[in-house]
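A.B. asks: Sequence:
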Amino acid sequence: MARVHQVLAIISLCALGLTACAKTDEPGAAQSPGQQQGAVRVGISLPLTGDFSEPGKGIQEGYQVWADRVNAKGGLLGRKVELLFRDDASDPNRVSSDYESLITQDKVDLVFGPFSSRLVIPAAKVAESYDMVFVEPAGAAAEVFEQGFTRLFYAAPAIADDHYNYLADYLVKLPADQRPKTAAYASLDDPFAQGTAYGLRDRLAAAGIETVVDEVYPPETTDFAPIAAKIAAANPDLVVGGTQFEDAVGLVRALQELKVQPKLAAFSTGPTLPEFPEAVTGAAEHIVSPVGWSATADLPGNQEMVARYKEMFGGEPNEDAANGYTVGQIIEAAVAAVRCADPSKACQDKLTQHIRQATFQTVVGPLSFDDQGRPEQAHMIQQYVNGKIEIVLPEQAETADLVYPKRAW
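Residue numbering for the sequence shown is -22 to -1, 1 to 387, as defined by mature numbering (1 follows the signal peptide of the UniProt record, and there is no 0).
Since the hints were derived computationally from the structure, they do not count as laboratory data.
Certain hints may be false.
Said to hold, decoys possible - Below, a list of computed lysine-lysine pairs in the DSS-like style, where the Cα atoms sit at most 30 Å apart:
(1) Lys51 x Lys323
(2) Lys35 x Lys58
(3) Lys208 x Lys159
(4) Lys241 x Lys323
(5) Lys241 x Lys51
(6) Lys208 x Lys288
(7) Lys328 x Lys159
(8) Lys35 x Lys241
(9) Lys85 x Lys58
(10) Lys85 x Lys103
Unchecked claim - Pair ranges (Cβ atoms, derived):
(11) Lys237 x Ser75: 28 to 36 Å
(12) Lys288 x Gln331: 20 to 28 Å
(13) Gly52 x Gly28: 16 to 24 Å
(14) Glu198 x Asp348: 19 to 27 Å
(15) Gly293 x Lys237: 17 to 25 Å
(16) Thr27 x Gln374: 19 to 27 Å
(17) Gln374 x Pro196: 38 to 46 Å
(18) Arg317 x Asp147: 20 to 28 Å
(19) Gln339 x Thr128: 18 to 26 Å
(20) Lys366 x Pro153: 26 to 34 Å
(21) Ala386 x Ala314: 30 to 38 Å
(22) Ala285 x Lys85: 21 to 29 Å
(23) Gln234 x Asp147: 44 to 52 Å
Beta carbons are placed, not taken as given, at the ideal position from N, Cα and C, and that holds for glycine.
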């Protein structure tokens, strides 16, 4: 915990302008040529308060764990890494001004992205205007990649529309007498949440699985009984929620109360969080979700990241932390390849070109990107089996078989 307190102290002082952030070396210590240039300063705005504060803090922790590991090895090109954080309070206008300030006033060498598609788009516009490469951990909505960005890369296995690809393949390939015939969809009015649900909807509809309910609800929704009633009346084989946490819990509870019994229930985000099973009072069993990372996966650097996270924060990392760490891994590899880490257009062009062409070995698996910065892989599918999260798809990553049909609620 000592290193965490030290990092946070530096961040707080930098943010307040009370310390010269670039001076990290001990007086009189011998310096390499890279260290003589000062630290590699990384500018980051995150939703540390407001609607997205919980995942925002997870992303921050992932960035901190990555910086801690890199600095323990001597930094980037012999230069220590310093993270300069700003709190955008989950506000798209504020995130824009944060990155403007970090680039023009703090003169950061690199920028890392924020959390959520709503914040990534305005942040990426600023980064693009200053020719800065922009690797981001949590902007997965299709519209992120429709803005014409040339320097944005999403550091996760798949965009929102592709999160359920493995599940879609599984369901479509089932024998005709076992395959679901109808499906109900309920989604938060959010580009990421809708993307996850509608990506699955469109693939299943193309395979002949009929959509019998398709509801969208606003973020402030707390009463899910009316939506659950529509789903109950349709009696679908499959229920899909395009959700975050609170709404996933609300939908599951409402469906439970009405004794809706689908053959399979799938919800995004909420079930991947450790507090979900308790929040739905025992109804988590056999619920499936797309997940981009697993603590038990045998992937390059994964176990080191998990161990370092536990040492720094005293608990288990979540997917948000892993995604933040992945951003760092990609930039770290690119910097090592092109041998620069500064805000000049020449350096940023080299970093951008390398990321666009390379494949990166990360804690979420190998990552490569298309011309719009979309990852070209897919999310794993997790399921609660005997009260434990298991990876059930794809076959090469599975820790248990997918249970279908699910146990009754």
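A.B. asks: For every hint, state whether the structure bears it out.
C.D. replies: Verification of the supplied hints:
1. Lys51 x Lys323: 27 Å, holds
2. Lys35 x Lys58: 23 Å, holds
3. Lys208 x Lys159: 17 Å, holds
4. Lys241 x Lys323: The given pair, whose Cα atoms are some 54 Å apart, is violated under the 30 Å limit.
5. Lys241 x Lys51: 50 Å, violated
6. Lys208 x Lys288: 44 Å, violated
7. Lys328 x Lys159: At roughly 50 Å apart (the allowed maximum being 30 Å), Lys159 and Lys328 break the hint.
8. Lys35 x Lys241: It is violated: about 35 Å lies between the C-alpha atoms, which goes past 30 Å.
9. Lys85 x Lys58: Roughly 16 Å between the alpha carbons, so the hint for Lys85 and Lys58 holds.
10. Lys85 x Lys103: 17 Å, holds
11. Lys237 x Ser75: 28 to 36 Å: For Lys237 and Ser75 the Cβ distance comes to about 50 Å; the hint is violated.
12. Lys288 x Gln331: 20 to 28 Å: 36 Å, violated
13. Gly52 x Gly28: 16 to 24 Å: Given range 16 to 24 Å: violated, Cβ gap about 36 Å.
14. Glu198 x Asp348: 19 to 27 Å: Since Glu198 and Asp348 have Cβ atoms about 35 Å apart, the given range 19 to 27 Å is violated.
15. Gly293 x Lys237: 17 to 25 Å: 36 Å, violated
16. Thr27 x Gln374: 19 to 27 Å: At roughly 40 Å between Cβ atoms, Gln374 and Thr27 fall outside 19 to 27 Å, so the hint is violated.
17. Gln374 x Pro196: 38 to 46 Å: 39 Å, holds
18. Arg317 x Asp147: 20 to 28 Å: Since Arg317 and Asp147 have Cβ atoms about 41 Å apart, the given range 20 to 28 Å is violated.
19. Gln339 x Thr128: 18 to 26 Å: 24 Å, holds
20. Lys366 x Pro153: 26 to 34 Å: Since Lys366 and Pro153 have Cβ atoms about 28 Å apart, the given range 26 to 34 Å holds.
21. Ala386 x Ala314: 30 to 38 Å: 53 Å, violated
22. Ala285 x Lys85: 21 to 29 Å: 34 Å, violated
23. Gln234 x Asp147: 44 to 52 Å: Given about 29 Å between the Cβ atoms, the range is violated.
Checked against the numbered hints listed earlier, the structure breaks hints 4, 5, 6, 7, 8, 11, 12, 13, 14, 15, 16, 18, 21, 22, 23; every other hint is satisfied.
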